[in-house]
Amino acid sequence: MQCLDGTKRAEANPFLFTRIKARMAKKDGGWERTFSFISRPAIAMAIVLLVMAVNGWALLGRSGSTDNAIGDTENVSELANEYNVVASVDNYDYENLTNE
Amino acid sequence: MINETELIEQLKQGDETAFKTIVEQWKDMVYNTILGIAQNETEAEDLAQDVFIKVFEKINTFKGDSKFSTWLYRIATTTALDHLRSKKRKKRFGFLQSLGGDGDEKESIPDFHHPGVSLDNKERAAVLFKAIESLPDNQKTAYTLHKLEGLSYRDVSEVLKTTVSAVESLMSRANQNLRKQLEEYYNKNYR
Chain A
1 MQCLDGTKRA EANPFLFTRI KARMAKKDGG WERTFSFISR PAIAMAIVLL VMAVNGWALL
61 GRSGSTDNAI GDTENVSELA NEYNVVASVD NYDYENLTNE
Chain B
1 MINETELIEQ LKQGDETAFK TIVEQWKDMV YNTILGIAQN ETEAEDLAQD VFIKVFEKIN
61 TFKGDSKFST WLYRIATTTA LDHLRSKKRK KRFGFLQSLG GDGDEKESIP DFHHPGVSLD
121 NKERAAVLFK AIESLPDNQK TAYTLHKLEG LSYRDVSEVL KTTVSAVESL MSRANQNLRK
181 QLEEYYNKNY R
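Top line first, the protein sequences correspond to chains A and B. Counting in the numbering used here, the first sequence runs without a single skipped number right up to 100 at its last residue. Counting in the numbering used here, the second sequence runs without a single skipped number right up to 191 at its last residue.
Everything labelled a hint here was simulated from the structure, so no lab data went into it. Certain hints may be false.
Stated by the list, open to error - In silico DSBU-like links for lysine-lysine, alpha-carbon gap of 30 Å or less: (1) B/K147 / A/K26; (2) B/K122 / A/K27; (3) B/K67 / A/K21; (4) B/K20 / A/K8; (5) B/K130 / A/K27; (6) A/K27 / B/K188.
Can you make the complete structure from the sequences, with help from the hints?
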C-alpha cells in the first residue's frame, strides 16, 4: 500500500507542444471541419430528409407523367428511323449475311 | 517571469506564446495525473494533448474562481475518466461480439509500470495499480491526485468540488477497497 509513496512525477513528451499545434492545425483544416459539421445529428438528419424528399418528389413526378409514355415511344422510334438506327441487325444477322 | 493571471489574459486573447508557456509549465502535471488514471503511456500522451486543446478552446470560461491548476486538474481527470468509460463501452461491445462468434480472442492487459516508481517497488506498484483500476471513479481520482500528484486533501477537495471531510471519507474507502483487493491477490497467488 505504501509503494507509491515517493513516486516521481512522470514526465511528458518534450515535443508535446509541437504535437498539440499539429493536432490543432489538422482540426482547423477544411475536411475535418466539413466532416464534423456534416456529422452533427441535426445536419445529418436534415440531409437524410432532403434526400428522401428529392427521391419522393422524383417518384411522384414520374408516376404523374405515365400518360406521355406512348408519345415518348413514338418520338424515339421516329428519331431512330430518321438517323437509320436499325436495331434488327445484330451479330447473328451479320454472321448470316456473311455466310450467304 | 510573467505571472499566471497575465498569462491567462494573454491566452484569452489567443496569444500563442502564452499557450506555449502554459503547456510547458503544466504538461508534466497534466500527463502524470492522466497517466495515473488511464495507466497507459500512449493514451496518456494523446489525452494530455486533448486537455491542452480544451484549455485553449475553453479558456474564456475560466473565471478565476479557483486556481488555474485546480481548473486544469479538473479537465485532466474528467478527460481521463471519460476515456476510460468509452474504453469500457467498447470492451463491452467487443464482448458481445465475441458471444456472437465474431470477436477475437480475449486480449490480455499488460501490467502498468509507472515510470516514476523506484525499481524496488516496481512489481508491488504494478499490483497496486491493477487494484486502483477497479476503484469507483471518485475514489480513483482522489487517490491518484493525493498519492501520485501529492495534493493535500484540501486541494483534492477543490478539484472534486467537495469538502475536505468528503475527501477523507473517499480516501478511507479507497484504502479499504485496495487492502481487500490486495489481500485477495496475495492469497490467490502466494498461498
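Against the structure, the hints come out as follows:
1. B/K147 / A/K26: Violated, at about 36 Å.
2. B/K122 / A/K27: Between B/K122 and A/K27 the Cα gap is close to 39 Å, so the pair fails against 30 Å, i.e. violated.
3. B/K67 / A/K21: holds, 25 Å
4. B/K20 / A/K8: OK: B/K20 and A/K8 at ~24 Å, within 30 Å.
5. B/K130 / A/K27: Since the Cα atoms of B/K130 and A/K27 sit roughly 35 Å apart, the hinted pair is violated (cutoff 30 Å).
6. A/K27 / B/K188: Violated, at roughly 49 Å.
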